[in-house]
Amino acid sequence: MKIRKDIAQRKRTDKVFSLVGLIATLVGIVTLLALMIDLAWDGTARLNWNFFTAFPSRFPDKAGILSAWVGTGVVMFVTALAAVPMGVAAGVYLEEYAPKNVMTTLIEINIANLAGVPSIVYGLMALGLFVYKFQFGMSILTAGLTLALLILPIVIMATREAIRTIPGSIREAAFAVGATKWQMIRHHILPYSAGGILTGVIIGLSRAIGESAPLITIGALTFIAFLPASPFTGTFPFLSFEWLKSPYTVLPIQAFNWVSRPQKAFHLNAAAAGLTLMAMTLAMNGAAIWIRYRFRKRIKW
Amino acid sequence: MSLVTHRASNRPVTRETSLPGGVHRLSPLPRLRGPGLLQRWQERAIQATLFLAAASSIAITLGIVGILGFESLAFFKQVSLFTFLTDTQWTPLFDDAHYGIMPLVAGTATVAAVALCLALPVGTITAIYLSEYAPHRVREVVKPFLELLTAVPTVVYGYFALLFVTPLLRHFIPSLPGFNMLSAGLVIGVMIIPYVSSLSEDAMRAVPMHLREASYAMGATRFQTSTRVVFPAALSGVAAAYVLGFSRAIGETMVVAIAAGMQPHLTFNPMEPAATITAYIVQVSLGDLPHGSLGYQTIFAAGLTLMLMTLVFNIGGHVLRKRFREKY
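Protein chains in written order, with my numbering: chain A, 529 to 829; chain B, 2 to 329.
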């Protein structure tokens, strides 16, 4: 009789735990929903045309995020331009060229560790190195490069994972018809891993776009009532890189500035800016999932 | 060179061609050529470039260590390490300047403790549920949502902590101040759940099926199998997940800067406002400190402390993982 009771007891524990598990899983999801609803509740009222086309202002209802979203776009452009070639090159080297030696192991451990370094430490490094040693100043260039270093491990890991799924027979086939190593990589490895790499790059950029801590340490300003200089000029050579040296602000910094003010009206602006930012990161993550899905469907080894 | 003679045997490589009149003549094969000199150089240059890109990651680490070390060294020339570790006040920007890191470390530890108290149990149970209990369909729906938690900008989490969680907590604890470490810690806890749960789940799913089958064959329930067979077998991977969660919790900046207040204050009570190491760095950076001043150097000393805390835990985690690693 006792054994039946024991069994019944254990089965009950099992049932209870499956309920506890479900509740634990829901903690994260419910919080996410609460956060989104709270943000939308506070912020949607401020989302109008004027909010996107106005500069920040002392008057909360006239303030907008023009300089912030332009800044975010320009900084992301620099970040992508720096992080993508570096990250893809490093990933290709580690997967296709790297010999098994101490140097390679060192690089691999190092990349894994870099992924765990707090983002604000990157900001301190950039403050000492880019701002003062290299004299880039508190500019768009510094911000873009800093965020590029921050997402470099993500891009490298995504590249490696994408390359790793390509079967060895593809490489052998290329070599068999006389391709050199680089020809093989250019014509086979890179095109076939493009989907995975693109996914990783987008995920990395979506992380960089919401990052504010390192940018605060390298001097992102919170009150910018102008746009960076246009890259196109009327005179020869028609291109100017003056905008790289321009001071800037980005969306998360603008939102941080508004949320730190005591007035309730500015909090609503912060919610609206946060909502814009959330929409951007969600769109990027959605795009990444879609690209991954498309490429998986197209290529079957 | 009309006849190709580079083969190991001395016999020239030839092919037979028949000429009119039945005369057979041996004519040389066209020579097979490998990549030309230019191409070989190009290959080498490409390989060198790619290597430089990979090695640049080491340059980044050296940059981080170098800058933090260099500026901290300048700092410790003026403030002794003993004062830094034992003084109980951190007021570097006041006239009566004190340079004791302890208040900042206490703030960081308190916020991280609150966050981990939430994230480790919830994350672990989530991982067990998703790996051992949840039907396939539930897992496919839930996982992307959990991963979305990592995509939310930290500023938004800060907003949520200050203007949603704190007012909510005040319903239950009326004496709670507007800035406090409790709500910041709780929000960071939710933020790092996906880091803990997804790595732990991967580790649990990697546990071979035959271990579970053996356990079920002995009449164990799913709960017994999960907690006494799968979890211990996956402990090495779970430890890695915990270490990552810890690193994220102490390095988190914006949530504490927004919701926990920025006053350095030696306390372990989460109901009080206090600054963390990261919040202090943000506070100083928002002001305008001249390059090279002692105040400027304090943020590097604080950053170095943060790096060392992360490093100690990473090494600890590495040791743990080595000890608990199971081979199947």
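Calculated directly from the structure, the hints in this document are not laboratory data. Since we're looking at a predicted model, the values are computed, not measured. We put the CB at the ideal spot given by N, CA and C, even for glycine. Hints should not be assumed to be uniformly reliable.
[Claimed, not checked] Okay, the calculated bits of chain B under chain A, using three or more residues with CB under 8 Å as the criterion:
#1 56 to 64
#2 83 to 93
#3 203 to 213
#4 307 to 317
Verification of the hints:
| no. | hint | result |
| --- | --- | --- |
| 1 | 56 to 64 | holds (count 7) |
| 2 | 83 to 93 | violated (count 0) |
| 3 | 203 to 213 | violated (count 0) |
| 4 | 307 to 317 | holds (count 4) |
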